[in-house]
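Protein chains in written order, with our numbering: chain Y, 1 to 86; chain G, 1 to 86; chain U, 1 to 160; chain V, 1 to 160.
For the record, the hints were derived by calculation from the structure and aren't laboratory data. There could be a bad hint or two in this list.
[To be verified] Cut-off 27 angstroms, straight-line C-alpha distance, at most; resulting in silico cross-link-like pairs (DSS-like, lysine-lysine):
1. G:K18 / G:K54
2. G:K5 / G:K18
3. U:K152 / U:K140
4. U:K72 / U:K152
5. V:K152 / V:K72
6. G:K18 / U:K72
7. Y:K18 / V:K152
8. G:K62 / U:K72
9. Y:K54 / Y:K5
10. Y:K62 / Y:K5
11. G:K5 / G:K62
12. U:K140 / V:K72
13. G:K62 / G:K18
14. Y:K5 / Y:K18
15. Y:K62 / Y:K18
16. Y:K18 / Y:K54
17. Y:K54 / V:K72
18. V:K72 / U:K72
19. Y:K54 / V:K152
20. Y:K62 / V:K140
21. V:K140 / V:K152
22. U:K152 / G:K62
23. G:K54 / G:K5
24. Y:K54 / V:K140
25. G:K18 / U:K152
26. U:K72 / G:K54
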Amino acid sequence: MSQLKLVYFAWVRERVGKAEEEVVPPASVATVADLVRWLGARGEEYAHAFENPKVIRAAIDKRHVRPEAAISGAREIAFFPPMTGG
Amino acid sequence: MSQLKLVYFAWVRERVGKAEEEVVPPASVATVADLVRWLGARGEEYAHAFENPKVIRAAIDKRHVRPEAAISGAREIAFFPPMTGG
Amino acid sequence: MPATIRLQRENFDPGAEAAALSRGRTDVGAVVTFTGICRGAEDGAPIAALTLEHYPGMAEAEIVRHVEEAGKRWPLLGVTVIHRYGRIEPGENIVLVVTASSHRDAAFAAAEFLMDYLKTRAPFWKQVESASGRTWVEAKAADDVAADRWAKPPGREAAE
Amino acid sequence: MPATIRLQRENFDPGAEAAALSRGRTDVGAVVTFTGICRGAEDGAPIAALTLEHYPGMAEAEIVRHVEEAGKRWPLLGVTVIHRYGRIEPGENIVLVVTASSHRDAAFAAAEFLMDYLKTRAPFWKQVESASGRTWVEAKAADDVAADRWAKPPGREAAE
């Protein structure tokens with residue numbers, strides 16, 4: 001799999017400890033849900049950020065997606081909590 | 001029955017030909033509907049103004065009332081078309 | 001609840017009126033402003049102006065009553081209603097409703113409630129001035145339907 | 001339909017933005033303005049400020065998409081959406097939605113639709129700054145319910 005840009009917002013960003021990074025997930029990581037599981041196993045800070053996948057929202061190339069969305073072809077994937085704008 | 005002030009608005013006023021007047025209806029005129037019938041018989045201009053009682057709205061002492069409302073004790077009764085403010 | 005109700009010939013400034021409802025306080029989280037403006041055409045035909053006639057005394061009383069009713073139905077922190085009368089040309093303001101609350105749902109609902117009632121229950125009548133003369137605007141059935149959605153069970157007021 | 005969408009740190013003037021939507025034209029009959037303001041307390045506890053984080057690029061795109069959707073659903077003559085980010089103190093404006101139409105029903109519905117979507121779908125996150133530190137505001141189930149009332153049958157967008 002090619003290189004992927006990940007961006008984090010709000011408390012996901014705070015827990016991961018960075019706003020963005022480049023990763024190269026293994027080929028077995030096919031969906032957003034797979035990516036969340038893979039990230040959660042990368043260390044304590046990730047385990048904390050992704051401990052409750054139900055409250056994690058995701059966007060692929062700046063469009064909302066569901067956990068079952070395929071990540072192939074994505075350039076930028078964002079993870080964040082439920083939105084509280086307006 | 002004592003003296004009663006009548007006020008007219010919009011096309012009711014234009015048809016009657018005056019904005020207000022004082023009247024002394026007979027004792028048999030008990031309700032707003034009675035008053036409309038009595039006024040309608042007072043001449044051509046009144047007959048024109050009140051030819052379709054269904055579209056005439058009324059207020060007693062500046063509160064909306066239905067045709068069956070009693071007029072006893074009223075000081076001022078207004079007649080006007082359906083409202084078009086806002 | 002602070003309420004400002006004015007009937008006037010003069011134009012008004014919707015932004016200034018809305019700003020006044022939240023100035024100097026920090027409990028207001030939502031302000032909804034409705035401005036009704038005179039359009040240049042009525043049913044497709046160009047108009048020169050509208051003339052608004054009203055029933056002095058009753059118009060104020062009806063608006064006051066409905067503002068009080070809105071204050072009972074929703075947790076409002078302020079309401080302003082301004083309705084002009086007299087001659088109004090296309091592009092000019094006719095009516096203003098501003099509602100302030102902690103949260104948006106109450107502010108939106110109260111503003112719609114007040115506008116629906118102003119359209120159907122406040123004693124104002126619009127006359128259109130156009131090339132073909134002067135005609136009274138007819139009440140719209142859709143406005144009655146809009147007002148009816150706020151109706152409570154009967155028995156509260158003679159004509160409701 | 002003229003649409004103005006701005007994300008900015010700076011404050012804005014709701015009255016000036018609303019006036020711009022009807023200036024110089026006579027087809028607009030109704031302008032609805034919603035202003036969201038930072039309150040001085042959150043769940044009863046005083047706050048010092050809110051800090052709004054957003055996802056640059058996506059926030060604009062999401063708002064553009066919903067403004068376009070509003071333009072398809074209602075006969076709008078203009079829309080302005082301004083959303084601030086950064087640190088905002090109690091009493092300051094946070095968000096503005098202005099909708100213009102010939103008639104009030106479309107203007108009201110579109111403004112509510114846009115606010116409900118901004119609350120639940122636009123990538124903004126509020127952090128509260130208070131005496132007890134900084135905490136992220138939790139999403140409200142009531143906001144999801146409010147947004148759901150506008151949902152169309154599924155299949156239109158991946159995450160709807």
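Here is how each hint holds up against the structure:
{"no.": "1", "hint": "G:K18 / G:K54", "verdict": "holds, 21 angstroms"}
{"no.": "2", "hint": "G:K5 / G:K18", "verdict": "holds, 12 angstroms"}
{"no.": "3", "hint": "U:K152 / U:K140", "verdict": "holds, 21 angstroms"}
{"no.": "4", "hint": "U:K72 / U:K152", "verdict": "holds, 13 angstroms"}
{"no.": "5", "hint": "V:K152 / V:K72", "verdict": "holds, 13 angstroms"}
{"no.": "6", "hint": "G:K18 / U:K72", "verdict": "violated, 39 angstroms"}
{"no.": "7", "hint": "Y:K18 / V:K152", "verdict": "violated, 37 angstroms"}
{"no.": "8", "hint": "G:K62 / U:K72", "verdict": "holds, 22 angstroms"}
{"no.": "9", "hint": "Y:K54 / Y:K5", "verdict": "holds, 22 angstroms"}
{"no.": "10", "hint": "Y:K62 / Y:K5", "verdict": "holds, 12 angstroms"}
{"no.": "11", "hint": "G:K5 / G:K62", "verdict": "holds, 12 angstroms"}
{"no.": "12", "hint": "U:K140 / V:K72", "verdict": "holds, 25 angstroms"}
{"no.": "13", "hint": "G:K62 / G:K18", "verdict": "holds, 19 angstroms"}
{"no.": "14", "hint": "Y:K5 / Y:K18", "verdict": "holds, 12 angstroms"}
{"no.": "15", "hint": "Y:K62 / Y:K18", "verdict": "holds, 19 angstroms"}
{"no.": "16", "hint": "Y:K18 / Y:K54", "verdict": "holds, 21 angstroms"}
{"no.": "17", "hint": "Y:K54 / V:K72", "verdict": "violated, 32 angstroms"}
{"no.": "18", "hint": "V:K72 / U:K72", "verdict": "violated, 36 angstroms"}
{"no.": "19", "hint": "Y:K54 / V:K152", "verdict": "holds, 24 angstroms"}
{"no.": "20", "hint": "Y:K62 / V:K140", "verdict": "holds, 23 angstroms"}
{"no.": "21", "hint": "V:K140 / V:K152", "verdict": "holds, 21 angstroms"}
{"no.": "22", "hint": "U:K152 / G:K62", "verdict": "holds, 22 angstroms"}
{"no.": "23", "hint": "G:K54 / G:K5", "verdict": "holds, 22 angstroms"}
{"no.": "24", "hint": "Y:K54 / V:K140", "verdict": "holds, 15 angstroms"}
{"no.": "25", "hint": "G:K18 / U:K152", "verdict": "violated, 37 angstroms"}
{"no.": "26", "hint": "U:K72 / G:K54", "verdict": "violated, 32 angstroms"}
Checked against the numbered hints above, the structure violates hints 6, 7, 17, 18, 25, 26; every other hint is satisfied.
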